Structure formats: C-alpha cells, structure tokens
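The working numbering applies: residue 1 is where the sequence shown begins, and numbers increase by one.
Source of the hints: derived by calculation from the structure; they are not laboratory data. Among the hints, a few may not be true.
[Unchecked claim] Under the rule of at most 20 Å between Cα atoms (straight-line distance), these lysine to any residue pairs were calculated in the SDA-like manner:
1. Lys430 to Pro466
2. Lys98 to Val70
3. Lys121 to Glu157
4. Lys233 to Glu216
5. Lys233 to Glu198
6. Lys485 to Ala452
7. Lys98 to Ser75
8. Lys455 to Glu481
9. Lys45 to Ala71
10. Lys179 to His153
11. Lys233 to Tyr220
12. Lys253 to Leu222
13. Lys430 to Ala390
14. Lys191 to Ala202
15. Lys98 to Asn176
16. Lys430 to Ala388
The structure presented is a predicted model; accordingly, all values stated were derived computationally and were not measured.
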Amino acid sequence: MEFQELFKRLLAPRTVPAPQTSVQQRPRYEEATGYYTVRGEDFDKAFSEWHQTKALPQEQASALTTQACVANLDSRSGYVREFCLRVLAVHDWADALKPVVQRLNDYVPVNRELALQLTLKWLAELPVATVVEALPELAAIAEQSRANHAAVHAAVEGRLDAEDGRNALVAGLMHNHAKVRRECWKRCFQKFAWTGPERIEAAMRCGDPAIARSVEQDVYALPDDALITWFEKIHQVRAMPLRRAFLVALRRKGLVDASRVIACAIWDDSFSIRWLGRHWSKDAPEQLLQQYLDTLDGQCTARRKRYAFEGLALLKLPGGLQVCKNALLDQNPVIRKAALQAICAMDAESQSLHVANALQDADLSVVRMAFRQVVGLGLPLPLDAIEAVANLRRDDLPFFVLMLEYAANMSLWPALHLASFTTLAAPSLKPQLQPCVGYFLDGLALSEVYVAPTKQQWQAICTWLPIDTLAPNSSLRYVMEIYAKRINVA
1 MEFQELFKRL LAPRTVPAPQ TSVQQRPRYE EATGYYTVRG EDFDKAFSEW HQTKALPQEQ
61 ASALTTQACV ANLDSRSGYV REFCLRVLAV HDWADALKPV VQRLNDYVPV NRELALQLTL
121 KWLAELPVAT VVEALPELAA IAEQSRANHA AVHAAVEGRL DAEDGRNALV AGLMHNHAKV
181 RRECWKRCFQ KFAWTGPERI EAAMRCGDPA IARSVEQDVY ALPDDALITW FEKIHQVRAM
241 PLRRAFLVAL RRKGLVDASR VIACAIWDDS FSIRWLGRHW SKDAPEQLLQ QYLDTLDGQC
301 TARRKRYAFE GLALLKLPGG LQVCKNALLD QNPVIRKAAL QAICAMDAES QSLHVANALQ
361 DADLSVVRMA FRQVVGLGLP LPLDAIEAVA NLRRDDLPFF VLMLEYAANM SLWPALHLAS
421 FTTLAAPSLK PQLQPCVGYF LDGLALSEVY VAPTKQQWQA ICTWLPIDTL APNSSLRYVM
481 EIYAKRINVA
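Generate the whole structure from the sequences, applying the supplied hints.
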C-alpha cells in the first residue's frame, strides 16, 4: 500500500454503525452487571414508586414477599436496603431476624437506626426459641464497629434471664447447628452454677466435641467412685473427647484393671482412642496381636473386624499375614476391603499381586479400594488385570467412571494410560462416558511433567488420543508434541 493512500485512510472520518435497538427492553432487575440490581419485577416497581414518593402504603407493602425483601437486603444501594427494612417493619416477619441483624453494621446511618429499632422490637416480641437460634448472629455484632451492640446485648440478656429463656438455652444445647449449641453453652456457664458432674452430664447430652473438650478437666477431677460408674456406661457417651478423658483418668489412677481399659479403647469407634489403646499396650504387642486374631476367628461384627485389620496393619507382625490372606476370600466385601488394606501394609513385596487380584473382585467397593492402594502406594499399574476387568465390565458405567476418578490423581502419563482403557467400554456406554473423559482431560496437571512416558504408555496413549485430534491451542497437545519430538529423536 502506498504511503499517500495509507495517509488518506488514517485521516478519513470513521463511520460508526448505529446501534441496533431492540423493542423488548430487559427490566432493570435482570441486568447482569450493575451494582444496584434489584431482584424481582414486583419489587422493582414498588421500590421505584417509594423512591419517588417516599410513601409506603399498607397494601403496596403487603403485596411483597419476605424472600424478595431478604434477598435485596444485601443490595449495594442504600436506598434499596432502606426500602426493605421499612417493608419488613410493616409486615413484622419474624423469620427475617438474622438478615436484619446483619444490617446493624450498615454504613448508612438511617439503615442502622431502622435495623436497630426493628431488632429491638422483634427481640421483645418473638418466641425465645427464635432468639436463641439467632444467638450467633447477635453475638457477632460485638465485633462490628458501627453496630449498637450494647442495646441489643441488653435486650437479649433480658429475654434469656427469664425462666423460659433459661429453659430455651438448655434446649439449645441440642440444636442442629454447632454455632447455636456453643453460644448456648457459653451463656449456660454464665447463668447456671453447675457443678463438675452437672457440666459433664450436659456435655454428654449435647454430644458436641468442642463442648466435650471444655469439660475434660471436670472429668479428671471426678472422685474415684464416679469414674468407675462412668466406665460401666462409657459406650453411652456420644462425644469422643469425653470417652477419651474417662479412659485416660482411669488409666492414670489405676482404678480399673489395665487390660480392661485397653480392651475398651482398642474397639472404640474413634481412631484416636484406638490408637491410644495400642499405645498403652506397646510393651505387650503379642497380647494385642492375639486379641485381634481371636476377634477375626470369632463371630464378631464387621466393624470390629475392620478395627482388628487396622490393628494388624499397624502392628505388622508376621502372625497376622496369613489371616489377612484368608480374609481376602471372605464373603463380606467390607472384610475383603479391610484385609486388602492391611495386607498391603504388611506385605510390601507382594502389594502389586494383591492389588491385581482385588481389581478382579465382583464388588465395586473392593475394586475402589484396589485403585486407592495403587494411587496411595504409588504402585505400577497392573495393566493385564485392568484390561481383564475392563473386558468383563464392558457394560458397567460406574467402573469406568471410577477408573477415571483415580486416574485424575496420578501423574500425567500413567493417568492417560489408565484412561485409555475406556476404549474397552461397550459402544452404548461411550456417549455417557464422554463427558467424564472430557472432565478428566480438563483437570490434568500439565505443569508437573518431569518424566518421559515409556514406549508402552506412549503407544497406548496415542492410539486412544491421537495428537491430531486435540485442539490446536490446548496445553495437552503442546506437551504431547514436545514428547513426540523427543521420542522420535531417541
């Protein structure tokens, strides 16, 4: 292009096409970007009228719903928040207490005052159980700089000091939400002169681990006869820290025979207590081994047998190896899973063989455990076993999804090699399997590729995923092209 022609084009005025206007305009509440978006067409109309007239008729406020007002209480517009608070004051909706409490720290003074008036009104009128449910939000305003927490705190304490308030606090210890339980526990400490045994009883009924840990010192201070009584009913205690505290106190004081305490600890449902029991018996591992073997030979529950296999895996004594091998043929898949995990920990030389056999198990949960051992122990892929299982489970979609799930936790080349076995799935499964394969490929960690693939891996990967079929700008194609050049040069 000549310079003169280029110069003329640069000096020529630019013509901008007129914007295409659509007849159907999107309402303001559907705008996807604005900071001051209002949710709901009815709410948008009512807010616009109030914003112009500053009047809120009763019938107009009654037409709005609680959900619309609560949803707009987090709007970026202070006017929208003010409108919501005024509508809530007209309706007197008690279920909006928590969102209104959050507006006590609003940076608009009018909104703070409206929220304070509404909160104080509701705290005086609502059932005390509703106030107890909002205790975490009410307690949080003490850390907020703009909130008038003194007035709110006085109103809350006034409701809780009454008899019904105290009863609601005790009932709140059994609430479904942990924050509510713990706020009730703090106030119970302030309002009740409970003794140590009474605090332990309350913590036991509650079952909250954090509350149970707070009374451990009370457990250690119990008299000897009380500790022995609790040992007889320790399985009724739901909170693990309380059970642990009772066992530790009994062990320290020697009130019960050590073998009974250890036997109670090693079969507890908490791993930390089972570990504690094994730690107490570290000087007599043969006795502990015998307890595990007796449990596996007897008619015990599957849960207790799982705990026995767990102990065998940690002891790693030769006496339990044959028992684990026999348990791999048990009819219960739970037992087979636990035995596989234990034998892989005890027999490091034959891990791959045991995993390969477990991959051919009829139960998918055992196959899952086998894949978990491959990933967790960093074992080489048992290719022959996986291929045999994939051919047997050609119509089993969960198996191939499981295979991709564990392939995503491997390094690049073993992951792609394992994923290539999805080609063995039945043609009817491949449309359902395709999204899972795409999700797997999107999540590959391509930034940590430090090792070249083996020839077997490279051949299987290229057969399943030819480089030409990958997107031109994809990171996976970039990595595979680099290693293709290296392999060809080699």
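- Taking 20 Å as the top limit, are the C-alpha atoms of Lys430 and Ala390 close enough? holds, 13 Å
- Message: For a C-alpha distance cap of 20 Å, please report whether Lys233 and Glu216 respect it.
- Response: holds, 17 Å
- Do the alpha carbons of Lys253 and Leu222 lie within 20 Å of each other, as the hint requires? holds, 11 Å
- Message: Run the distance test for Lys233 versus Tyr220: straight-line Cα separation, threshold 20 Å.
- Response: Holds. Lys233 to Tyr220 sits at ~17 Å (cutoff 20 Å).
- Item | Restraint status (C-alpha distance of Lys233 to Glu198 at most 20 Å) | The given pair, whose Cα atoms are some 17 Å apart, holds under the 20 Å limit.
- Query: Are the Cα positions of Lys191 and Ala202 separated by 20 Å at most?
  - Reply: Holds. Lys191 to Ala202 sits at ~14 Å (cutoff 20 Å).
- Message: Would the hint linking Lys98 and Asn176 be met if the CA-CA limit is 20 Å?
- Response: holds, 17 Å
- Message: So if I understand the rule, the pair passes when the alpha-carbon distance is 20 Å or less; does Lys485 with Ala452 pass?
- Response: With Cα atoms ~12 Å apart, Lys485 and Ala452 stay inside 20 Å; holds.
- Are Lys98 and Ser75 close enough, with their CA atoms no more than 20 Å apart? holds, 16 Å
- Starting from Lys121, check that the Cα of Glu157 is at most 20 Å away, please. holds, 14 Å
- Could you grab the alpha-carbon distance between Lys430 and Pro466 and see if it respects the 20 Å cut-off? Holds - the C-alpha atoms of Pro466 and Lys430 are around 18 Å apart, at most 20 Å.
- Take the C-alpha atoms of Lys455 and Glu481, compute the straight-line distance between them, and say whether it is at most 20 Å. Given that 20 Å is the threshold and the Cα spacing comes to 15 Å, the pair holds.
When each numbered hint is compared with the structure, no violation occurs for any of them.
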